[in-house]
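Student: Sequence:
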Amino acid sequence: MDLSHCELLKKLPDFSGVPNLTELNLDYCTSLEEVDDSIGSLQKLVELRASGCTKLKAFPHSISLKSLKTLILTWCSSLQTFPNITGKMETLESISIESSGIQELPSSIGNLIGLQELSMTSCLSLKELPENLEMLQNLRNLDIEDEDLPIVLKSFPKLASLVLSGNNFVKLPSCIQEFLHLKLLHLLDCKLLQEIPGFPPNLDFINATNCTSLNAESSSLLLSQETYELYDLEVIIPGKNIPKWFHHCNEGEYITFWVRKKFPMITLCYVLALNNKSIFNCEIRFFINGEELFELEIPRSFSEMVTNHVWLYDLQTNNNLLDSYLENEWNQVEIICEKVIEAQNNVSVSWSGIHVSKQEADNILFTDPDLETDSTEEMEAFYASLDGEVSCVTRINNNKPSEESEETKEALKIFEDFLTKDFVDLLEPEEYKTMKVTLDYLSGLSINDGVSVEMRSVIMEVSREFTHWSYDYSNASKKIEIAKSSIVKAEEIEEGLEANKKNFKEVMWLENELYDQLAYLEERKRELEEQIDAIKANISASELAKKRANSRKREIFEEGKMLKAQRDELRGRMPHLRDEWELAKKIQENIRVEWSKLREKY
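Each residue of the sequence shown is one higher than the one before, counting from 46 in our numbering.
Just so you know, not all the hints are guaranteed correct.
[To be verified] Subject to a maximum C-alpha distance of 25 Å in a straight line, what follows is the list of computed DMTMM-like cross-link-like pairs (lysine to aspartate or glutamate):
id	residue 1	residue 2
1	Lys466	Glu526
2	Lys306	Glu262
3	Lys172	Glu162
4	Lys529	Glu473
5	Lys466	Asp517
6	Lys307	Glu173
7	Lys609	Glu92
8	Lys89	Glu162
9	Lys289	Asp624
10	Lys216	Glu262
11	Lys609	Glu262
12	Lys289	Glu262
13	Lys100	Glu614
14	Lys598	Glu575
15	Lys570	Glu298
16	Lys289	Glu336
17	Lys228	Glu296
18	Lys606	Glu92
19	Lys523	Asp561
20	Lys524	Glu543
21	Lys285	Glu625
22	Lys609	Glu588
23	Lys609	Glu79
24	Lys285	Glu274
25	Lys591	Glu568
26	Lys307	Glu342
27	Lys384	Glu340
28	Lys100	Glu78
29	Lys285	Glu296
30	Lys609	Asp624
31	Lys100	Glu173
32	Lys289	Glu340
Hint data in this document are derived by calculation from the structure and do not stem from the laboratory.
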């Protein structure tokens with residue numbers, strides 16, 4: 046039954062005649078003052094809502110609603126007492142009394158053994174909580190405001206999960222560090238939160254989704270290496286970069302590495318890039334040597350995000366299971382952070398990172414151990430060695446051998462002319478042919494032809510040597526040409542190598558310049574992102590102020606309607622009031638006249 050916004054309804058009638066009622070909505074019945082006690086006995090009622098009933102004072106003194114799951118009494122500012130719980134109520138899961146006037150919770154609240162969520166933010170009249178609150182063994186979420194923390198600490202010191210989401214505090218109260226048993230801390234949508242001074246000593250998880258106003262110190266504290274060495278935290282926080290202390294970063298959702306002996310203690314980090322606002326789920330999956338570890342899938346559900354976020358997860362609690370899968374000298378490990386939502390592509394894992402404990406760095410590699418590649422150091426050493434070399438290429442003197450001239454007693458002018466020439470000239474085709482014919486002719490002469498034995502011996506020697514030398518000389522010329530070509534090539538290679546060294550040094554210098562420029566741009570990018578985040582925080586604050594203004598406008602409007610109704614009522618009574626006024630004036634005048642007459646008698 047929906048009676049919401051019935052602004053003239055002042056009292057709820059007896060509902061005992063509708064025992065099958067499952068839902069009753071009284072939201073914003075602003076004139077409602079009393080809810081009949083019969084409501085507390087509707088055994089099939091599942092949901093009871095009375096949000097914004099600002100004049101509500103009388104609520105059932107006790108309730109025994111065996112089917113009730115949700116009870117909402119938010120903004121009931123005139124309601125001072127919470128109903129007693131008669132008997133066990135196992136189905137009630139959620140109670141919200143935010144901004145109500147309730148002064149205390151009854152001890153019978155311990156009968157709500159199924160209660161999972163209790164929201165009490167802005168309950169300014171609530172001074173203390175019942176001592177038996179710890180009986181609520183199924184309580185998962187305690188949603189309160191920061192000023193209520195001292196009360197919670199006193200009344201519920203063993204609280205394991207605390208929800209402060211949606212609060213407007215600027216600094217997380219320091220007393221949070223006194224919750225010695227607190228494991229989970231939720232700060233979702235605390236958009237004005239700027240400072241987190243510290244954590245409880247046993248905290249495992251902190252969810253700071255959409256805490257867009259966090260200052261640099263608090264963000265650094267949440268993402269610092271020192272924090273993780275002390276707390277082993279899992280954190281979700283606005284951000285766009287993998288922390289610098291992570292050993293290896295990879296673009297996308299995959300991380301691949303090789304381990305041996307024992308699985309190292311590692312921390313994972315993912316940057317969740319926002320495309321569209323939406324609730325989504327992620328799942329971390331593990332593969333070792335190609336085999337998926339189904340028993341180690343790690344699912345996570347994320348709320349709607351207004352910007353990119355960083356998610357850090359400590360993996361060391363699962364090391365024993367991971368060790369059982371290490372079979373080889375080096376084992377390939379692949380970790381995937383996979384989005385499993387069945388909806389439009391709204392969030393992606395833009396970066397993945399991994400941090401390894403220093404003590405185990407020798408047992409992990411981020412490149413295939415079987416792959417051999419030249420490192421930058423090897424390349425630089427190679428070129429450095431070239432600088433110290435002395436060129437082994439030597440220039441060969443191009444002196445041409447000369448031959449002694451031979452004379453003959455019985456010689457022909459041609460032969461004598463040949464003997465006066467350089468040997469290389471005799472190798473010219475025409476000269477060589479003439480020389481060959483002349484020597485053949487002279488070699489055929491005998492003593493009878495007037496050629497002495499000595500001369501003939503010389504001619505025979507010249508003929509023999511000329512044939513041999515011409516072959517050797519031609520062969521040597523070819524070798525000289527080959528050697529010259531090789532020398533020229535060696536000189537060209539030497540020049541090319543020098544140019545190569547110069548180019549390498551220039552590229553190294555350019556690379557260093559680009560590194561510096563990139564570092565500057567990254568720093569500038571971070572500064573601009575911080576400015577953008579600050580602007581977004583201002584926008585969020587303005588939106589919040591706008592909502593408050595709209596709410597105040599609504600309150601003023603409701604007050605105006607009430608004043609108008611009162612005015613209209615008075616206007617209707619105006620003639621009667623005027624008559625009464627005139628009659629009263631006449632009565633006063635008559636009394637004065639009679640009084641004067643009475644005085645005159647005396």
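Student: Hints first: check each against the structure and report whether it holds.
Tutor: Checked hints:
{"no.": "1", "hint": "Lys466 <-> Glu526", "result": "holds (23 Å)"}
{"no.": "2", "hint": "Lys306 <-> Glu262", "result": "violated (39 Å)"}
{"no.": "3", "hint": "Lys172 <-> Glu162", "result": "holds (20 Å)"}
{"no.": "4", "hint": "Lys529 <-> Glu473", "result": "holds (21 Å)"}
{"no.": "5", "hint": "Lys466 <-> Asp517", "result": "holds (18 Å)"}
{"no.": "6", "hint": "Lys307 <-> Glu173", "result": "violated (52 Å)"}
{"no.": "7", "hint": "Lys609 <-> Glu92", "result": "violated (34 Å)"}
{"no.": "8", "hint": "Lys89 <-> Glu162", "result": "holds (21 Å)"}
{"no.": "9", "hint": "Lys289 <-> Asp624", "result": "violated (87 Å)"}
{"no.": "10", "hint": "Lys216 <-> Glu262", "result": "holds (12 Å)"}
{"no.": "11", "hint": "Lys609 <-> Glu262", "result": "violated (54 Å)"}
{"no.": "12", "hint": "Lys289 <-> Glu262", "result": "holds (15 Å)"}
{"no.": "13", "hint": "Lys100 <-> Glu614", "result": "holds (21 Å)"}
{"no.": "14", "hint": "Lys598 <-> Glu575", "result": "violated (34 Å)"}
{"no.": "15", "hint": "Lys570 <-> Glu298", "result": "holds (23 Å)"}
{"no.": "16", "hint": "Lys289 <-> Glu336", "result": "violated (31 Å)"}
{"no.": "17", "hint": "Lys228 <-> Glu296", "result": "violated (32 Å)"}
{"no.": "18", "hint": "Lys606 <-> Glu92", "result": "violated (30 Å)"}
{"no.": "19", "hint": "Lys523 <-> Asp561", "result": "violated (56 Å)"}
{"no.": "20", "hint": "Lys524 <-> Glu543", "result": "violated (28 Å)"}
{"no.": "21", "hint": "Lys285 <-> Glu625", "result": "violated (77 Å)"}
{"no.": "22", "hint": "Lys609 <-> Glu588", "result": "violated (31 Å)"}
{"no.": "23", "hint": "Lys609 <-> Glu79", "result": "holds (24 Å)"}
{"no.": "24", "hint": "Lys285 <-> Glu274", "result": "holds (22 Å)"}
{"no.": "25", "hint": "Lys591 <-> Glu568", "result": "violated (34 Å)"}
{"no.": "26", "hint": "Lys307 <-> Glu342", "result": "holds (20 Å)"}
{"no.": "27", "hint": "Lys384 <-> Glu340", "result": "holds (18 Å)"}
{"no.": "28", "hint": "Lys100 <-> Glu78", "result": "holds (5 Å)"}
{"no.": "29", "hint": "Lys285 <-> Glu296", "result": "holds (12 Å)"}
{"no.": "30", "hint": "Lys609 <-> Asp624", "result": "holds (23 Å)"}
{"no.": "31", "hint": "Lys100 <-> Glu173", "result": "holds (24 Å)"}
{"no.": "32", "hint": "Lys289 <-> Glu340", "result": "violated (31 Å)"}
In this structure, the earlier hints numbered 2, 6, 7, 9, 11, 14, 16, 17, 18, 19, 20, 21, 22, 25 and 32 are contradicted, and the remaining ones agree with it.
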